[in-house]
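S.K.: Sequences and hints are given; from them, build the entire structure.
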Amino acid sequence: MTAPILASGPHTHSRFNVPRTMLAVMLCLSPATAFGLFHFGWPAVLLFSVTLAAALLFEVLCLAIAGRPILRFATDGSALLTGWIVALSLPPWAPWWVGFTGAGIAIVIGKHMFGGLGQNLFNPAMVARAMLLVALPVQMTTWVPPVIGGPGGPGFQEALAITFGGGTFDAVSSASPLGHIQSQLDAGLTMDSILAGMGRVHDQLFGFVPGSLGETSALLLLIGGIGLILLRVITVVIPLAVLGSVALLSGAAWLIAPDSFPPPQYHLLSGSLMFCAFFIATDYVTSPVTGFGKMIYGIGIGALIFVIRSWGAFPEGAAFAVLLMNACTPLIDEYVRPRIFGRTRAGKPLELGDTQ
Amino acid sequence: MSILPFAGRFDPARLFAFKGGVHPETRKFLTAECEIEEMPLPALIRVPLQQHIGVEAEPLVERGDEVLKGQLIGKARGPVSANIHAPTSGRVIAVGHFTAPHPSGLPVPTVTIRPDGRDEWGPRLPRLRPENATPQDIAAQVAEAGIVGMGGATFPSAVKLNLRTKYDLHTLVINAAECEPYLTCDDRLMRERAEEIADGAGIMAKALGVKEIIVAIEANKPQAIEAMSRHKRVLDFAMKIKTVPTQYPMGSEKHLVKTLTGQETPARALTAELGVVVHNAATAHAVHLAVRYGEPSISRVVTVSGRGVARPANVRALIGTPVADLLAHCGGLVEDPERLLLGGPMMGLPIQNMRVPIVKGTNGVLALTPAESRDQDTMPCIRCGLCVQVCPMGLTPFELNTRIEAGDLEGAARVGLLDCINCGCCSFTCPSNRPLVQTIQYARGKLAEQESRKHQQEQAKRLAEARTARLEAIAEAKRAAMAKRKAEMAAKKKREAEAQANAGTTQSGETVK
Chain A
1 MTAPILASGP
11 HTHSRFNVPR
21 TMLAVMLCLS
31 PATAFGLFHF
41 GWPAVLLFSV
51 TLAAALLFEV
61 LCLAIAGRPI
71 LRFATDGSAL
81 LTGWIVALSL
91 PPWAPWWVGF
101 TGAGIAIVIG
111 KHMFGGLGQN
121 LFNPAMVARA
131 MLLVALPVQM
141 TTWVPPVIGG
151 PGGPGFQEAL
161 AITFGGGTFD
171 AVSSASPLGH
181 IQSQLDAGLT
191 MDSILAGMGR
201 VHDQLFGFVP
211 GSLGETSALL
221 LLIGGIGLIL
231 LRVITVVIPL
241 AVLGSVALLS
251 GAAWLIAPDS
261 FPPPQYHLLS
271 GSLMFCAFFI
281 ATDYVTSPVT
291 GFGKMIYGIG
301 IGALIFVIRS
311 WGAFPEGAAF
321 AVLLMNACTP
331 LIDEYVRPRI
341 FGRTRAGKPL
351 ELGDTQ
Chain B
1 MSILPFAGRF
11 DPARLFAFKG
21 GVHPETRKFL
31 TAECEIEEMP
41 LPALIRVPLQ
51 QHIGVEAEPL
61 VERGDEVLKG
71 QLIGKARGPV
81 SANIHAPTSG
91 RVIAVGHFTA
101 PHPSGLPVPT
111 VTIRPDGRDE
121 WGPRLPRLRP
131 ENATPQDIAA
141 QVAEAGIVGM
151 GGATFPSAVK
161 LNLRTKYDLH
171 TLVINAAECE
181 PYLTCDDRLM
191 RERAEEIADG
201 AGIMAKALGV
211 KEIIVAIEAN
221 KPQAIEAMSR
231 HKRVLDFAMK
241 IKTVPTQYPM
251 GSEKHLVKTL
261 TGQETPARAL
271 TAELGVVVHN
281 AATAHAVHLA
291 VRYGEPSISR
301 VVTVSGRGVA
311 RPANVRALIG
321 TPVADLLAHC
331 GGLVEDPERL
341 LLGGPMMGLP
351 IQNMRVPIVK
361 GTNGVLALTP
371 AESRDQDTMP
381 CIRCGLCVQV
391 CPMGLTPFEL
401 NTRIEAGDLE
411 GAARVGLLDC
421 INCGCCSFTC
431 PSNRPLVQTI
441 QYARGKLAEQ
451 ESRKHQQEQA
461 KRLAEARTAR
471 LEAIAEAKRA
481 AMAKRKAEMA
491 AKKKREAEAQ
501 ANAGTTQSGE
511 TVK
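Line order of the protein sequences matches chains A and B. Heads up: the first sequence begins at 1 in UniProt numbering, then just goes up one per residue. Heads up: the second sequence begins at 1 in UniProt numbering, then just goes up one per residue.
There's no promise every hint is true.
[Said to hold, decoys possible] Within a straight-line C-alpha distance of at most 20 Å, the following computed DMTMM-like cross-link-like pairs (lysine to aspartate or glutamate) qualify:
1) B:Lys166 / A:Glu351
2) A:Lys348 / B:Asp419
3) A:Lys348 / B:Glu273
4) B:Lys211 / B:Asp168
5) A:Lys348 / B:Glu410
6) B:Lys446 / B:Glu410
[Stated by the list, open to error] Computed footprint of chain A on chain B; a stretch qualifies when at least three of its residues, placed anywhere within it, have a C-beta under 8 Å from a C-beta of chain A:
7) 263-276
8) 345-356
9) 371-378
10) 391-397
11) 431-445
Just so you know, these hints were derived from the structure itself, not from any lab. C-beta: ideal position from N, C-alpha, C; glycine also.
M.R.: See below:
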């Protein structure tokens, strides 16, 4: 008989592992992704593929330089997921090198410079998004209206030209509905007339609006997010805290000054919020680990998103809000700990008769 | 509509279950329907003299002695120790050292007996009538019978029964949660010997002087619950059967008490502080046998299970039966197991040598295949926080590990290293398969070692300082004595000189005269 392993217990393990977790997240992202790809046509498909391939390429390169086992780490799905999230946050008809650079920033600067999987302080995809937004303001804010795949949209040849050849197309300058409202307000129009001219809020819910590749359909993102909660990949705390704080703040602002603040549903249904609440803010590596810590973190993100959206220079504040709160995560984890069984919060043994 | 119909259904246990824990696949179906079978006498029996927490027993027999079943062969030494008895009649062929049933594989003092096949009883302990016996008598009988906690903790039971002298106790909890996967020995014992367990519980309640007995059984053992529920009163004590949620580690004493009473035992204290004492169901059965029939603790029910075993079973085996014999009785191994364990898969001890014996605390012998142990490569921590969610002690295992890996043991101790109960929930659930609880165990050993070394160093330093001080004092005393002598000498000289001078003057005076 071969010698049995002599490690101490436990001698069995749950079914969860890292690749499975990543796979579950991708699964939950796929409805919104499929919708985005279908919606924005071949250029979006090309950009998506380039970004994912680039993410894998950079991952393999970094692992090789770091001297880590390439096969095991490159197949854990984390690089693919990072690339996926970067792709979903790009304008769908952006040229290929935007996706390529984004994936590179995310994997090389965002992840491996900190030491690879699990070591990064900031969400790699959001690092990429923020850097691209600052460095390439034109490419990153050139949106197209949805084309619904088929006949209305560009064919494969045209798509190749758009993504790889620098082909031109008719772009709409203003992105998501929130950006539109912001610019119209700046132009001196009243809130009522802007809202009247914007079409129904349902379009935002279902995603028939211009926007980033995978962020347009609030409903599909919500479904995917609920899927994540049901699969027990994430807990409900962070999404609830982010959405709740945005709803509360925007609702309060709208009640106080309806002329300068859009109603809360515009905030909530703006795709990037759902995306951020369920898929970005919940990133394991960069969010706090305790329930209460997650709540603080989520509320912080929600509040920052509202502040940036209302008074900042960018119509969407998700990336910056997440990055700022990422920086607070170590602090939150240091101060917010679970209470140890049989001890008070201060760490002293419970007194008898204490029923905590 | 009245609220009364709901009053009876209200179960506080559901409200107060502890935070954290995991739900591993129990795989109890492998043996849950296997009736307890008696095992034939093995060819050789090896009885370690250390089967309990505390000091090892002192051997009373020598090589070549004939022993009878139930004869005392190892005597308890000191306040925390336990008697050891011969499990069957036969000849002692060695009193020496043999591999311990422990992953270390270190030798422990062991009495090896070759059974003569007659299984002949020697004089048993005097029987007690618990109805008339005093608590002291019962505790003494339990101590005499060498009974230890049979759930695996192996703490001498008599010591726990004597807690009545120190604490104001009101409840005895019979721990029949059996939260470890695979194990069904307590389940079967309750189904088949409910009355005897109830009686044992009553006897212990009497020894403890408590008011009521609660039998806590996990919800996945409905037959055991039913069997135990038939006994509402034993020896004038009310006995309640409480169904507790199936949740590992429900069998942890403090978590069970929290689930049953809603009260949390303070850190570093016993549940007795809350007036509750917890004993295992198999221990209750052993107490029944010891008190009513004078039988010492010489056998126990062991679950032999796992996919690596040909015929999983529940076996009543003599203490000291080699694991190899037990496995052979169950049809042997079907494939080389990846892990061979004594105990359950969560906290059981891996062994390498199949000749080691089972002891009083061995509730299972498991041969796990790779598909069951699900070993996989270790990945970096992704801070998912699952270990924090499942830790029943409210610790942050991933953080403890980071600190330990950085060598910051004091920092780890500050954030709860010493509160860990080794349940293994963190390692079980970690998606990166990191050895969390293993690292924590290592760090605790390391910390204890450091502390003892520090203690030794301090002791040595104190001794050295004391010696210097002593030498200093002696030198000082010498100097002082010298100075004193000098002063005395000087004074004497002076006196003499004065005396001489005086004499001189008188003389001269005389001469003047």
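S.K.: For this structure, which hints from the list above don't hold up?
M.R.: none
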